[in-house]
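Asks: Next come the chains, spelled out residue by residue.
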Amino acid sequence: EAGVAQSPRYKIIEKRQSVAFWCNPISGHATLYWYQQILGQGPKLLIQFQNNGVVDDSQLPKDRFSAERLKGVDSTLKIQPAKLEDSAVYLCASSLAGQGRPYNSPLHFGNGTRLTVT
Amino acid sequence: AQKITQTQPGMFVQEKEAVTLDCTYDTSDPSYGLFWYKQPSSGEMIFLIYQGSYDQQNATEGRYSLNFQKARKSANLVISASQLGDSAMYFCAMRPSFGNEKLTFGTGTRLTIIP
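Protein chains in written order, with my numbering: chain F, 331 to 448; chain U, 5 to 119.
In case anyone wonders, no lab produced these hints; they're calculated from the structure.
30 angstroms max Cα-Cα, derived DSBU-like pairs, lysine-lysine:
#	chain 1	residue 1	chain 2	residue 2
1	F	Lys374	U	Lys74
2	F	Lys392	F	Lys341
3	F	Lys374	U	Lys7
4	U	Lys106	U	Lys74
5	F	Lys413	F	Lys392
6	U	Lys106	F	Lys392
7	F	Lys374	U	Lys77
8	F	Lys401	F	Lys374
Fair warning: this is a prediction, and the values are worked out from it, not measured in the lab.
All chains should be built: construct the whole structure from the sequences, respecting the hints.
Replies: Put into structure tokens, the structure is as follows:
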């Protein structure tokens, strides 16, 4: 089966510019996650979707970050305006976990987008 | 709230030796799952092994096994017969079995296998 697809692979922008990341999850996976991984740290959940509804966005900086999942499949994460501290790898993951599905389903991650804000 | 602690920022191990990566956790959830992921320098997160809090036996997957001690709230990863390709970051993570299923990660351990 095809894995989680993310693009772009790398992005360099100046502070105060905007940027968008795209994610296509594994077919049939109801749950989609966006994680932020700052260098030297573990991934931190930004937002979790189940189908096209938001389950958890408690750690999403909503003044500058936004995300959507149209039709319960692809998702985009946007940052506007970017700050220096947003430099990180943005990981998208998907999982079968959700209503009626096994809770022990692992998350499958994409290769991530490495963002550098200068 | 959940918390994962990985106290070993880095480890060096001779090739072919076994290695144990430590993970302790804290949670108020009665039922939960524990996961280990490997992150090579290329950046992708690779799922290795899963342990449920009510599983009677410790999980094993090939050269990976999980030393789960529920009373001590520890879930250490054991890699047997280490290989050069095992050099990577390793993350312990946990998720409640019910609810919003948020997966929380530790800070990771960087494992380097020495030839």
